[in-house]
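Visitor: Each protein sequence line maps, in turn, to chains D and W. The opening position of the first sequence corresponds to residue 1 in my numbering, with each subsequent residue numbered one higher. The opening position of the second sequence corresponds to residue 1 in my numbering, with each subsequent residue numbered one higher.
I should point out that these hints are in silico values taken from the structure, not numbers from a laboratory. Model, not experiment: these values are computed from the prediction. In this text, a Cβ means the ideal position worked out from N, Cα and C, and glycines have one as well. There may be inaccurate statements among the hints.
Only some residues are given here: those of chain D computed to face chain W with a beta carbon under 8 Å [as the list claims (entries may be wrong)]:
hint	residue
1	GLY27
2	PHE34
3	PRO78
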Amino acid sequence: MIAGDAGNLVGQIRRGVLPYCVLAMVGEKERYGFELVHALGSIDGMVTGEGTIYPLLARLRRQGLMETTWRESATGPPRRYYRLAPAGREALAEFTGSWQRLRDSVDDLLASSGEDPF
Amino acid sequence: MRADGDQIVADYLSRLRDAASVLPADRGNELIEEITAHIAEARAEGPTAIGDASAVRNILERLGDPADIVRTAAEPPFGAFSAGPPASGFPESRHPESRMPESGYPGVGRAGGGHAESGYAGTGPLAWPNEHGGPGGHGGGSGPGSGPGGGPGGPGGGRAGALEITAVIFLLIGGVVIPFVGWVVGVILLWYSPRWRRSEKLLGTLVWPGGLLAPVLLMLGAGVATVIPSSGTSCSGGYTETGMTSTGRHFLRHVAGSCSTTGGGLPTWLAISLTMILLIAAIAGPIFTAIRLLRRAGSAPAEPAADPAALLPV
Chain D
1 MIAGDAGNLV GQIRRGVLPY CVLAMVGEKE RYGFELVHAL GSIDGMVTGE GTIYPLLARL
61 RRQGLMETTW RESATGPPRR YYRLAPAGRE ALAEFTGSWQ RLRDSVDDLL ASSGEDPF
Chain W
1 MRADGDQIVA DYLSRLRDAA SVLPADRGNE LIEEITAHIA EARAEGPTAI GDASAVRNIL
61 ERLGDPADIV RTAAEPPFGA FSAGPPASGF PESRHPESRM PESGYPGVGR AGGGHAESGY
121 AGTGPLAWPN EHGGPGGHGG GSGPGSGPGG GPGGPGGGRA GALEITAVIF LLIGGVVIPF
181 VGWVVGVILL WYSPRWRRSE KLLGTLVWPG GLLAPVLLML GAGVATVIPS SGTSCSGGYT
241 ETGMTSTGRH FLRHVAGSCS TTGGGLPTWL AISLTMILLI AAIAGPIFTA IRLLRRAGSA
301 PAEPAADPAA LLPV
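When you get a sec, could you build the whole thing from the sequences and use the hints?
Guide: In C-alpha cells:
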C-alpha cells in the first residue's frame, strides 16, 4: 500500500457497487434508461461518464437480474423500462447485508483509530 | 443554434459508430440506439435558453467519450482485461473461470491489465460470470432459445420479437392469403406492438393498404388482359361474299377483316410502361416498409425471453 492509493481504491469500490446501486434504484419502482442514467449521473462521484451506464444496464438485463418492458413515449422513440427481476432481488438482498456489515466494521475501526483500543 | 447542436450530435454519434464497430453488430446497434435516445431525451428536457450548442456540449460531456463507452461495453465485467492476473491486489474471484475475457472483442481493452478509468468497469473484488452464459451460472432463466455460450450477437441481441415479425408478415402477405382480413390483422399487431414509433406505424399502415395484395391483383389483371383484349380494340373479321352478276355469272369476293383501336387513347407501350411502374411501386412499397419496420424493431432489441442468467456472486 502506498500513500495516495486511496483514491484509486475508492474508484474501484465505486465501480464494484454501481451494479447494486442500479438494482436498488429499479427495486423501488421501474424506470426507463434515461431516467436511471440521469439519476445516477447526478449523484456526486458515482459515475465518470453517463454513457458507460448503458452497457451496464444491458449486461444486467442479459444476466437476468433486471427485466425490461418497452413502452411508447409521447415525445420520442419507445422507452425501455427496467425493473428488478427475482434473481436481481436476491442478489441485491445478499449484497445489502454484506455491505452493511462491512460498512459498520470499517466505520467502527476508523472511528476508533484515534483512540487507545485498550 | 439548433443546427449547430445537431451537427455536434451527428459528429458525436459518428465517433460512437466508428468506435462501436469492434462490438458485435447487435450490441453496437443497441448501444448507439440507447445513446441516441438519451441525447434526444436530454435535449427535449434541457433548457434551451442557454443556446442549444452549449446545452448539447454539456449533455455529451456528461455522457463521456464514445471510446470510453465502447470500451466499457467490450470489457469483461469486473474482470481482467486479459487472461492474466488481476491488476489489483484484490482476492481472487470465487469464479475463476469467469475471469476469462467474455468474448475477445478485437481492438478493445488495455494492454497490461491497467486500471480502467472509465465508467464502472474495472478490477474489483467481484468477478461476474461470463455474461454469455457459460455453464457456471446459477439461477433461473435458462431455457429454449438460449444456446450455451451464446457468443457474440447472442441472446437479447438486436432481433425483432415474435410479435413484430408476425405483424410484418401479416402486413406483407396476410392480405394475399386471407384477402384483406389478413392485412387488417397485421395492422392490429403493428399498432399493438410498443416497438415502433407512431410515424412508423402510420407508414406500415399506409404503404400500402393490403400489402402485396395489390400487386398480386395487378398481375392477375395483366394476365387476364393479355387473354381478353380490352381497352376498346375492336376487330371485324374478314368475310366472303358470293353473288351473281348481271350477266348471270357467279362471283366470289373476299372482304378483308380490319381492326381499329378506339377509346382510352393510350398507346400500348405507354399502357405497359404505366402498368410496370405501378407494379414496381406496389411491390417495392410494402417491401421497403417491411424492411424498415424490421430494422427498427431489431434496433430496439427483443426481450431476452430465455437468457442464460447468471447471478452476481456476492
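Visitor: Give a verdict on every hint.
Guide: Verification of the hints:
no.: 1; hint: GLY27; verdict: 14 Å, violated
no.: 2; hint: PHE34; verdict: 4 Å, holds
no.: 3; hint: PRO78; verdict: 5 Å, holds
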